[in-house]
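Participant: If you want the building blocks of each chain, they are given just below.
2 protein chains.
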Amino acid sequence: MLDALFEPRAIAVVGASTKELSIGNVIIRNLQTYGYRGKIYPVNPTAPEVCGLKAYRTLDEIPGEVDLAHIIIPSRFVPQTVEDCGRKGIKAAIINSAGFCELGEEGARLQEDFLSRAREFGVRIFGPNCQGIINSDPAVRAYCNFTYTYPDPGHISVVALSGGVGSVIMQALADLGIGQRLYASNGNACDISMSEIVRYYGKDQGTKAIILYTEGFANPRAFLEAAREVTAKKPILAMKAGRTEQGAKAASSHTGSLAGVDIATELIFEKTGILSFTDEGEMTRAAMAFATQPIPAGNRVGIITNTGGPAVIATDVLVACGLDVPKLSERSIERLRKSQLPEAALENPIDVVATAGGAQFRGALDVLLEEEGIDSIFINFVTAPFADTHEIARQIVEVNKLSGKPIVCNFLTNLSLEGFRITMRILKEGGIPCYANPSDAARALGALAKYGRLKKRDLGLPEIFADVDAAKARSIVEKAQRAGSSVLAAADVYTIFEAYGIPVAGWGGAATAAEAAAAADRIGYPVVVKVDCAQIDHKSDLGGVAVNLKDAAAVRATVEEMQSRLGSFGRLNFLVQKFLPGGRELIVGATAQRELGHLVMFGLGGIYVEVLKDVVFKIAPVTGPEAREMLTTIKTAPLLDGIRGETGVDREGIVNLVQRVSQLLTDLPMIQEMDMNPIMAFADCVYAVDGRIRI
Amino acid sequence: MLDALFEPRAIAVVGASTKELSIGNVIIRNLQTYGYRGKIYPVNPTAPEVCGLKAYRTLDEIPGEVDLAHIIIPSRFVPQTVEDCGRKGIKAAIINSAGFCELGEEGARLQEDFLSRAREFGVRIFGPNCQGIINSDPAVRAYCNFTYTYPDPGHISVVALSGGVGSVIMQALADLGIGQRLYASNGNACDISMSEIVRYYGKDQGTKAIILYTEGFANPRAFLEAAREVTAKKPILAMKAGRTEQGAKAASSHTGSLAGVDIATELIFEKTGILSFTDEGEMTRAAMAFATQPIPAGNRVGIITNTGGPAVIATDVLVACGLDVPKLSERSIERLRKSQLPEAALENPIDVVATAGGAQFRGALDVLLEEEGIDSIFINFVTAPFADTHEIARQIVEVNKLSGKPIVCNFLTNLSLEGFRITMRILKEGGIPCYANPSDAARALGALAKYGRLKKRDLGLPEIFADVDAAKARSIVEKAQRAGSSVLAAADVYTIFEAYGIPVAGWGGAATAAEAAAAADRIGYPVVVKVDCAQIDHKSDLGGVAVNLKDAAAVRATVEEMQSRLGSFGRLNFLVQKFLPGGRELIVGATAQRELGHLVMFGLGGIYVEVLKDVVFKIAPVTGPEAREMLTTIKTAPLLDGIRGETGVDREGIVNLVQRVSQLLTDLPMIQEMDMNPIMAFADCVYAVDGRIRI
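Chains as they are written, first to last, in my numbering: chain A, 16 to 710; chain B, 16 to 710.
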């Protein structure tokens, strides 16, 4: 569908210019320099030719068919030009020009204008306010972009919201000596979205891995769906900037569309199995490993080193990345003894020492390749001036050909020396990802291993509980909507919870002291009495909660006292509830996210949420495995198992509750916010003892 | 004192070799290639010349004076050669040979042998099992090393325990295009220590900043003293590897001396104001900024960018590094309006947009230079193909000359294009630190700012409390030593605490139920009774603690019950203590560290220490500001101030207690372990309610 964009057979450049330092000139020269295989038609009202090519005064005058137009003209002329594109039968347009929605109302109006004409004529729009695309396929060689990095063909495709960051990534890949397949930076992204591009990359046979940079998503749900589809086929490495409040502000100022620190993007990455990075350099270096190496079957890495300290650093970083540097089997050590020098350390890391040659490296590589307890190989290779480094490189490359285990190499050398450049070339041409320091190399292997773990996980499907009374819950919410209430009454909240099978501490509503005492008699003592009044939000702070009431007299006295003290707030109702001391306080909450659905939160209550902010989020619907993961990823997770000989809490009860909450949210998307704070968890049961729903 | 090592006027190479791939040949060629200014004397028993130089059969035959010897011969010959060095009047020897203490007992014996001869003759030893040194000073040009990176003269000096990591750092600095001053990698470091080298660098006029890599210190106290002296004069950037258990194991296997994850090294860095890094690449990139830029007066950074996304990433990273990206003053924005293009964003980041030229960059730079609310300048400079990038670079360099504020530049370009290489050269020659991506650049500025904060802090001197009874405490400990006890009795522990003015909950010892009741009467009820018996370590677990006893009868009954139940453990004593419920539980502890002194620990007690490991350490003696910092750097710090309307705890009481503990540890170095767990803290007082001392 995006073929006209990524594989255009002919390109018109509207706004082609004879001025060297102008975009309309740079783009044509880039197409020429990069060796574009199709036809280029400069469009310029006056110049007879641009960059040695015949220019046309209008699109209309172009003799042949055109797939793609670059539009590089003042924004006010863009709508008409888009219409002209449509009339000419052009299928896609890259609008490089700025001056649209990123520049306020007038620009937004212009954008709306050209978009409606584009839709009318079936022209797909890329941009505006964007760089463009690159396709390195030797059959296409389309450099529809004004940047300055000319990628070799390769297997990594890049999509970047920001052209500046796209350039950083493209250049970093080039500096690492690895090629690229497709590149796209779509600026305001008013039509062709990142989701669509990612889907296209997913289907592209030449793309082995995808790098993505964004500052958020206009339509996060659409991206989630696209990403889920694509990650099933190939890895996506992604980075989201605007992680701090000030960063998000900077992002909003240059995109004009997104604002606020959103955690949803990171959660989308997590849910769809996208590898998330916070450093663009680390992301591109990881991509180099993905470009040539297989995914390790597990976390156990064998290290070969001809230098001590870098192996220590690598071990630190590998372990921090969740890898393990296990002991080698006795058999492997026995085999190593035959190939290694006497001063070698036959452990893991295997220190072959600086005087090791190709035979010693090969011996160690063969052992790791065959050792069942090892899933990947990390090499520290310092080019000792007293070793035949070419031969070592050749042995590494040989083993890489045989190997189903990924090999990553920290290649320590001085590339200003010709001899070592040759060694490097042997490694690179042999598909060995080479890094300039141990931490970088270790993190790249860490990324491969993390992806291996992601591929193995099974989040399952959301469980659908059949024992829920969805109609009842819906009718309560709809009644509140009709009444114009945004915060539901406590009784309504508990009724909804019960309709979804969410366990609630025994409760009853009451309008009078007598009703409260009757409810307490029914529930059984001790009880809690809470005031229930739309005007009272923080009822604890106002003395609207009384706990551990042990008989009917205490309940009556409490209600009467609250009536006299709090009556001035409005009509008071009361909630009587079973008092459940001694459990572990938990909190489950949810908030609706624009265009995405709900985020479900879980954590320990009280000071853990208030002081430590020790909570974890998932995007609804939350599956069983996701809910279980929530329980293990909070920092205070050991408290759920009980400490100092306490019994732990009913974990499956919590997992069940979280999934029922998720189903409730999916069924009732009008819920804006919900929380259950606290939930009391015991060894064999959990109960929501306070809840709030805002619609 | 190390002049013979770093500025040798003549060098003998014992083990000089005619074989190209041997260390004894590489070192001579390196000296020649690098242009060593002094005399080189190869020593070889048979060859008449090595690398075109006349060779001598023995040191004795060398006609002139020699300052420094390289020793590259089998380890068993080293002791005699060291003695020969001494007889020849050689002042220092670099022993490259391996085969000493890193290879077990026999090697250790050889090392002891040559060391004693070296001491006898006054020869200082560098190594063994090491690379060597480099001095880039044009008057010296000593490349006493077998590596392959030839540094230009510069202002960064490097000392690395591991030669491999030293090479990584040296090469990274060369790749960044910055020079080096001195380099040293001293392997087993049996004589000349890292402390001594750091002190030498501290005094070296040409060294502006120091990079240090280690895996621990043989004598951490000596290093602490040296580092404190040097950081007062110039920045030390340091990295310690072996941070994980597996990393520490790898370190111990290659150095043969250090083992176990030690946190002491990081604490030494912190106490002495060393900038600590966990990534060698980041450390070298930071050094580039230190080499030419001043230290910012504060944390407020102004960003100039000609590309959107990289400014978002930079902002994220800068903020994460503790920097602030504040709003600009109205006056500055007014001034910007005059110099900037209409589409520029006049905020912070200042987006001058990609079409900006030198005038726009200069306008923005001038504003940030004069803006009082800005301490440093961060530039994102992408080489847009439609801008005069040379002119932009010249303007940045011009402003850098005027500026007392540091400038760091994220220079985004393609250096395979000649034009952009020129732009880069203008920036580099103008002293602008240039980075290839926004995160790297931002972290380098972050390091400058962090150093600025370190320079400003005042840890003060340890307070000496005059109201302590040191003699009493010492006599108790010495008595226990004489008795062969390693764990002090509870009464002794409390007496020591009281001797140091550490508040202890009212207490009394008792051997019988009657004595316990009498003590309780004296202390006042409620009380706690604890069994006190050397054979019972975990008294709580064994039911040896009873709390909240409200009268003498309860005390008597408890003691009698414990006597009958626990009597079989041995002779039982009892400790009666005031019961103090309702405070905040804290923990203070200490452990003795080999060759360093004590580490003092502080944290919240109970689950905070057990589950969250939320504790902080300092090296004794702990000053007042350090103790205060301990209170603010635990993750649960807000709990000390009280939450949900609670009153906070007596912070100065805790600070006082920590300092008194520190003084106690300093006075009684034989204490191996001590803890006060819990300490109960209230709004206006703190009390140790349980304590343990092991000597």
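Take the hints with a grain of salt, since some may be wrong.
Note: identical chains are not told apart, hence a pair may lie in one copy or across any two.
Computed list of lysine to aspartate or glutamate pairs in EDC-like fashion (alpha-carbon distance at most 16 Å, straight line) [to be verified]:
| no. | residue 1 | residue 2 |
| --- | --- | --- |
| 1 | K650 | D629 |
| 2 | K54 | D629 |
| 3 | K342 | E260 |
| 4 | K34 | D403 |
| 5 | K470 | E285 |
| 6 | K650 | E625 |
| 7 | K471 | E644 |
| 8 | K264 | E362 |
| 9 | K248 | D219 |
Keep in mind the hints are simulated off the structure, nothing from the lab.
In this text the structure is predicted, and so the values were computed from the model without any measurement.
Participant: Each hint needs a verdict: does it hold in this structure or not?
Facilitator: Outcome of the hint check:
no.: 1; hint: K650 <-> D629; result: both (6 Å within a copy, 11 Å between copies)
no.: 2; hint: K54 <-> D629; result: neither (58 Å within a copy, 66 Å between copies)
no.: 3; hint: K342 <-> E260; result: between (45 Å within a copy, 13 Å between copies)
no.: 4; hint: K34 <-> D403; result: between (53 Å within a copy, 13 Å between copies)
no.: 5; hint: K470 <-> E285; result: within (12 Å within a copy, 41 Å between copies)
no.: 6; hint: K650 <-> E625; result: both (14 Å within a copy, 12 Å between copies)
no.: 7; hint: K471 <-> E644; result: within (15 Å within a copy, 44 Å between copies)
no.: 8; hint: K264 <-> E362; result: between (51 Å within a copy, 10 Å between copies)
no.: 9; hint: K248 <-> D219; result: within (11 Å within a copy, 58 Å between copies)
Hint 2 from the list above is the single one not met by this structure.
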